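**Q** Each chain is listed here by its residues.
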Amino acid sequence: MDTFLQQIVNGVTLGSVYAIVALGYTMVYGIIQLINFAHGEVVMFGAMVAYSVIVALVGAGTTLPPLAILALATLTAIPVCMIVGYLLERVAYRPLRRAPRLAPLITAIGLSIVLQNVALIIWTRNPLPYPQVITTVPYHLTSHPDGATITNVQVAIIALSLAMMGGLLLLVYRTKLGIAMRAVAQNPQVAGLMGIDINRVISFTFTIGAALAAVAGVMDASYYGIAHYQMGFLLGLKAFSAAVLGGIGNIAGAMLGGMLMGIIEALGAGYVGELTNLCALSSWFDAIAQRCTNDAHLELFGSNYQDVFAFVVLILVLVFRPSGLLGERVSDRA
Amino acid sequence: MQVALPIGKARHPAVAWTGIVLVAVALAALPFVLAGIGTAWVRITNLAILYCFLALGLNIVVGFAGLLDLGYIAFYGVGAYTYALLASPHFGLHLPFWVILPIGALIACIFGVLLGAPTLKLRGDYLAIVTLGFGEIVRIFLNNLSRPFNLTNGAQGIVLIDPFRIDGYVFGKSHTLGSLVFSPPINYYYFLLIVLVAVIALNFRLQDSRVGRAWEAIREDEIAARAMGINTRNMKLLAFAMGASFGGIAGGMFSAMQAFISPESFVLVESIMVLSMVVLGGMGNVFGVIVGALLLSFVPEILRYTVGPVQQSLFGRTLIDPEVIRMLLFGLALVLMMLFRPAGILPSAVRKRELEAGVAPGGVRTS
Amino acid sequence: MRSIHTIGVTLVTAAIVGMYGCGKEEPKQAAAPKTETAAAPAPAAAPADETITVKIGSAGPLTGEIAHLGKDNDNGVRLAIDQANEKKIKLGGKTVKFEVLSEDDQADPKLGPTIAQKLADAKAAGVVGHLNSGVTIPASSVYNQAGIPMISGSATNPKLTEQGFKDIFRVCARDDQQGPAVAQYLESMKIKKIAIADDATAYGEGLANQVEATLKAAGVDVVAREKTNDKATDFKAILTKMKGRNPDAIFYGGMDATGGPMLKQARELGIKSVFSFGDGACTDKMKELAGDKNADGFICSQAGLPVAAASKGFLDAYKAKYNVDPIIYAPFTYDAANLLIAAMQKADSADPAKYLPDLQKISFDGATGHIEFDDKGDRKNAEVTIFTMKGGKLDPVAIVKGGKSIAFGDFMKAADAGTATAAAPAKSEEAKKQ
Chain S
569 MDTFLQQIVN
579 GVTLGSVYAI
589 VALGYTMVYG
599 IIQLINFAHG
609 EVVMFGAMVA
619 YSVIVALVGA
629 GTTLPPLAIL
639 ALATLTAIPV
649 CMIVGYLLER
659 VAYRPLRRAP
669 RLAPLITAIG
679 LSIVLQNVAL
689 IIWTRNPLPY
699 PQVITTVPYH
709 LTSHPDGATI
719 TNVQVAIIAL
729 SLAMMGGLLL
739 LVYRTKLGIA
749 MRAVAQNPQV
759 AGLMGIDINR
769 VISFTFTIGA
779 ALAAVAGVMD
789 ASYYGIAHYQ
799 MGFLLGLKAF
809 SAAVLGGIGN
819 IAGAMLGGML
829 MGIIEALGAG
839 YVGELTNLCA
849 LSSWFDAIAQ
859 RCTNDAHLEL
869 FGSNYQDVFA
879 FVVLILVLVF
889 RPSGLLGERV
899 SDRA
Chain X
2 MQVALPIGKA
12 RHPAVAWTGI
22 VLVAVALAAL
32 PFVLAGIGTA
42 WVRITNLAIL
52 YCFLALGLNI
62 VVGFAGLLDL
72 GYIAFYGVGA
82 YTYALLASPH
92 FGLHLPFWVI
102 LPIGALIACI
112 FGVLLGAPTL
122 KLRGDYLAIV
132 TLGFGEIVRI
142 FLNNLSRPFN
152 LTNGAQGIVL
162 IDPFRIDGYV
172 FGKSHTLGSL
182 VFSPPINYYY
192 FLLIVLVAVI
202 ALNFRLQDSR
212 VGRAWEAIRE
222 DEIAARAMGI
232 NTRNMKLLAF
242 AMGASFGGIA
252 GGMFSAMQAF
262 ISPESFVLVE
272 SIMVLSMVVL
282 GGMGNVFGVI
292 VGALLLSFVP
302 EILRYTVGPV
312 QQSLFGRTLI
322 DPEVIRMLLF
332 GLALVLMMLF
342 RPAGILPSAV
352 RKRELEAGVA
362 PGGVRTS
Chain U
3 MRSIHTIGVT
13 LVTAAIVGMY
23 GCGKEEPKQA
33 AAPKTETAAA
43 PAPAAAPADE
53 TITVKIGSAG
63 PLTGEIAHLG
73 KDNDNGVRLA
83 IDQANEKKIK
93 LGGKTVKFEV
103 LSEDDQADPK
113 LGPTIAQKLA
123 DAKAAGVVGH
133 LNSGVTIPAS
143 SVYNQAGIPM
153 ISGSATNPKL
163 TEQGFKDIFR
173 VCARDDQQGP
183 AVAQYLESMK
193 IKKIAIADDA
203 TAYGEGLANQ
213 VEATLKAAGV
223 DVVAREKTND
233 KATDFKAILT
243 KMKGRNPDAI
253 FYGGMDATGG
263 PMLKQARELG
273 IKSVFSFGDG
283 ACTDKMKELA
293 GDKNADGFIC
303 SQAGLPVAAA
313 SKGFLDAYKA
323 KYNVDPIIYA
333 PFTYDAANLL
343 IAAMQKADSA
353 DPAKYLPDLQ
363 KISFDGATGH
373 IEFDDKGDRK
383 NAEVTIFTMK
393 GGKLDPVAIV
403 KGGKSIAFGD
413 FMKAADAGTA
423 TAAAPAKSEE
433 AKKQ
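Protein chains in written order, with our numbering: chain S, 569 to 902; chain X, 2 to 368; chain U, 3 to 436.
Treat the hints with care, as some may be off.
Result set (SDA-like, lysine to any residue): computed pairs, CA atoms no more than 25 Å apart in a straight line [as the list claims (entries may be wrong)]: (1) U:Lys382 to U:Lys403; (2) U:Lys233 to S:Leu745; (3) U:Lys274 to S:Val705; (4) U:Lys194 to U:Arg247; (5) X:Lys174 to U:Ala124; (6) X:Lys353 to X:Leu207; (7) U:Lys415 to U:Lys274; (8) U:Lys112 to X:Gly179; (9) U:Lys378 to X:Leu207.
No lab work stands behind these hints: they were computed from the structure.
Here the structure is a predicted model, which means the values were calculated and not measured.
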């Protein structure tokens with residue numbers, strides 16, 4: 569039971585990170601029907617920039633409390649990522665807005681590669697250890713001393729993630745800008761006729777997404793203690809799958825999808841081995857029974873297939889419920 | 002209209018034929034010229050030809066049928082592993098290559114259909130992600146199928162793969178003919194060249210056939226195509242299958258040439274590289290993608306030799322790895338091509354029209 | 003009309019390709035500059051003596067993540083060549099000038115055969131390299147085809163010497179010696195239950211399998227066998243699973259980039275088991291990645307002897323020439339280069355066909371101790387060192403040689419009592435193997 573609880577805690581934390589990144593994907597897709605492949609790299613940039621700031625501060629022997637260092641790093645990463653996000657849209661996506669869908673998609677892939685390699689040049693290929701500025705304090709969830717725990721960092725990540733979603737919902741549903749965003753998402757031409765500056769709205773969407781990505785990057789890197797120039801790609805793909813799971817274009821869907829994806833991955837990695845343990849079939853097949861006398865684990869699919877879960881979920885969703893759990897919100901594009 | 006080498010209809014067939022003969026002679030002599038500089042360059046050429054195969058295969062899926070496949074390298078991997086499993090000490094099987102290559106193509110075809118089937122109803126972007134997912138799934142399986150039953154030997158890869166062998170002529174060993182030394186890379190070069198010519202011819206025939214036109218119709222407007230009576234589902238599956246089969250054959254040849262394969266060679270980045278070649282060269286244009294493949298195979302190698310010393314002399318150290326330059330080239334090729342010349346270096350007239358539809362009169366992009 | 007257009011294009015392409023053929027003379031010459039003339043300009047100075055140039059290849063990752071290790075290996079070779087050139091060795095009556103051809107394989111298995119071909123084309127008389135098993139194995143086929151002897155200072159995958167190539171050697175231990183060594187040490191710590199994980203790479207998986215096999219044979223209960231991948235950052239799922247099975251120790255086959263975070267996350271989850279790693283995670287970086295507190299007390303192994311035990315002569319010469327200490331396998335590559343030279347001297351010829359038999363039978367005392375090869379090309383009685391991290395530093399605790407474990411202190415006493423040069427290979431800090 570403790571193991572299960574712990575897996576859930578791990579899954580929810582992981583899911584919170586996916587959720588924030590998924591928000592970026594879902595907003596952009598809702599507005600211009602483009603999978604921003606480069607979004608994962610923006611997350612990575614956020615983590616890297618924050619890393620440089622933290623290392624510089626720690627190296628200079630700062631006396632600031634750890635939280636302040638982290639906050640400062642995040643506050644530096646956010647504008648940098650916003651600029652990167654803005655540039656992506658302006659330089660690469662805007663000119664291709666009317667091109668057939670293949671073009672911006674290919675461009676996005678190309679940008680993802682370019683960004684990865686730029687980061688490689690700046691921060692080298694080595695995995696960068698995040699200086700441990702925050703001491704981890706575990707809180708026990710059950711009375712068992714060795715049982716499930718949740719650490720302060722995990723709590724912070726989940727809380728921050730929820731707060732950001734709340735903020736975004738506020739933005740989208742209670743401000744004029746939010747109304748404009750929803751209008752453009754629904755029907756860009758008519759929104760333009762109503763006097764909304766479409767280009768500005770779209771740029772704004774990208775920058776907000778990028779800002780969220782920066783925070784997600786810092787969260788991810790400080791949680792795991794390591795930042796790497798390739799950390800963004802797979803994270804981005806899984807977050808996108810999460811967005812699709814929840815319903816693309818739907819903000820609440822992105823959060824829900826993210827959390828679910830995290831839990832599915834954690835539980836999957838933890839339990840798929842046991843579920844596919846062929847030794848359970850020993851009573852039917854002699855060959856298996858023989859093999860299992862030495863080694864009670866004959867797992868067909870083990871935890872090494874952890875990354876596959878995101879893709880399998882994606883394919884299943886697209887085949888059986890393409891609009892996602894909470895329904896998609898995209899405009900009709902002829 | 003695509004050019005289909007109708008020599009008979011050329012205005013001056015004699016010139017056309019002379020041209021072809023000259024090209025043939027040049028290509029036949031090429032490996033010896035390169036070997037004079039270094040057999041390494043023949044190896045690089047062989048790898049370039051393999052990329053040509055991959056580009057041609059992806060061209061069928063992306064160029065002809067308009068389906069963005071980001072998991073294409075999986076078929077390459079499947080073909081490579083098929084050859085490796087049937088011609089190495091791993092299972093103790095040593096089938097001859099002319100048996101295995103068709104089997105590899107067939108298995109790749111099956112995978113192509115498996116990949117295509119669930120994606121038929123998907124929009125372009127989702128199709129891309131799902132195919133990417135499939136590519137990754139195949140790679141992860143190749144990497145992990147060493148437990149509980151050792152199928153692919155996992156991350157360790159398969160070693161000591163048999164080279165091609167025709168009646169005692171082993172491709173993996175050097176043979177001397179008069180004053181010419183046929184080293185293993187040179188042996189493979191000729192084989193690859195012959196198969197490449199056959200594949201090119203096949204591609205041209207395909208383009209001008211009913212199937213090719215059906216693909217073109219689907220690419221331009223799927224609903225209209227269906228209304229015209231084209232079975233879009235089967236045609237799309239056929240596109241995946243045919244594209245996959247080219248990848249499968251190329252994979253088999255890769256296996257034999259390298260004598261060692263591991264899942265590391267079939268990562269997502271390779272899929273993207275093949276896509277770059279197709280995009281750079283010209284989607285839908287057979288010669289275009291070959292040019293794209295050759296460019297993106299040779300230029301990074303040449304830069305590897307030139308950029309390093311240049312950086313050393315200018316900055317005293319290497320600022321940017323040749324490997325990073327290579328990847329930057331690929332990424333930039335994709336981005337810049339899409340922005341400025343989406344139809345590619347050698348555009349196919351039809352695609353050019355389609356892709357530049359978003360351009361206002363005067364060639365100015367509306368912002 | 004269109005047909006001629008196409009023919010024209012193909013002709014132009016052919017012409018360009020043809021020009022490439024001629025133009026490629028340049029790149030080859032640009033590639034050649036990676037050679038370094040170690041000795042002072044000889045030709046003008048020694049008109050009476052005939053000098054021949056013998057090229058030794060040095061292959062490894064000179065760019066990329068483990069460029070620092072590749073450079074370290076390269077330095078070892080160059081040191082050996084420099085010293086050899088100073089000695090003015092004669093082969094077949096002619097003074098020899100040794101030249102190092104350094105090639106960068108970027109730790110990429112696809113480049114292994116290409117680099118090997120380049121060195122073969124350049125008529126290298128022998129090659130020291132590569133660094134990663136995953137690159138060395140494909141490259142070895144090419145060296146074998148070309149008849150060039152190759153000695154690796156760091157490739158530990160057993161397959162390298164199981165291919166039946168008579169001219170492929172290694173001077174370090176194999177994973178199937180390292181694995182059992184680790185397992186034996188763990189056993190001596192009275193471990194009853196162990197969980198094993200690896201990063202699904204050739205190196206990590208191979209090593210973990212070896213450890214598993216040895217421990218199972220010794221009757222230890224392997225309660226979990228997990229896998230992750232070398233780019234993963236989240237290990238909590240598999241760690242939680244392992245925690246549920248309560249192992250006394252956890253072994254992870256992988257590099258420090260994944261081992262460090264794994265250790266950190268394990269301690270965060272409250273896992274108290276002892277952690278044990280292979281040489282990939284036997285580095286100082288572990289304390290950065292895992293956090294100082296978490297890193298204390300883990301065990302790791304290295305194929306070879308710790309730097310402290312390396313021959314003083316080598317350490318001093320290396321420091322004097324390069325101003326830094328060797329990182330890990332420099333003493334091995336140093337010995338490898340010297341082995342090639344020694345074999346050439348024995349055969350009085352730089353022709354591989356002539357000196358190969360001498361290389362196979364050689365008996366040599368180098369910076370890493372006494373070296374002899376068995377009939378597969380492996381080093382006889384290769385040593386494995388077990389380290390533990392204490393107070394942020396890696397301390398050697400035991401040497402495992404020929405299946406027997408000797409406490410480090412005792413080993414050093416025996417070594418001091420013996421000849422001064424019997425002390426062995428360098429401080430192995432990081433060995434990235436694949």
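**Q** Decide, hint by hint, whether the structure agrees.
**A** Okay, the hints, checked on the actual structure:
1. U:Lys382 to U:Lys403: holds, 10 Å
2. U:Lys233 to S:Leu745: Since the Cα atoms of Lys233 (chain U) and Leu745 (chain S) sit roughly 39 Å apart, the hinted pair is violated (cutoff 25 Å).
3. U:Lys274 to S:Val705: Holds. Lys274 (chain U) to Val705 (chain S) sits at ~16 Å (cutoff 25 Å).
4. U:Lys194 to U:Arg247: Holds, at about 12 Å.
5. X:Lys174 to U:Ala124: holds, 19 Å
6. X:Lys353 to X:Leu207: Cα-Cα ~20 Å, so holds.
7. U:Lys415 to U:Lys274: Violated, because 34 Å separates the two Cα atoms, which is more than 25 Å.
8. U:Lys112 to X:Gly179: With a Cα-Cα distance of about 32 Å, the restraint between Lys112 (chain U) and Gly179 (chain X) is violated, given a limit of 25 Å.
9. U:Lys378 to X:Leu207: Between Lys378 (chain U) and Leu207 (chain X) the Cα gap is close to 53 Å, so the pair fails against 25 Å, i.e. violated.
The structure is inconsistent with the numbered hints 2, 7, 8, 9, although it conforms to all the rest.
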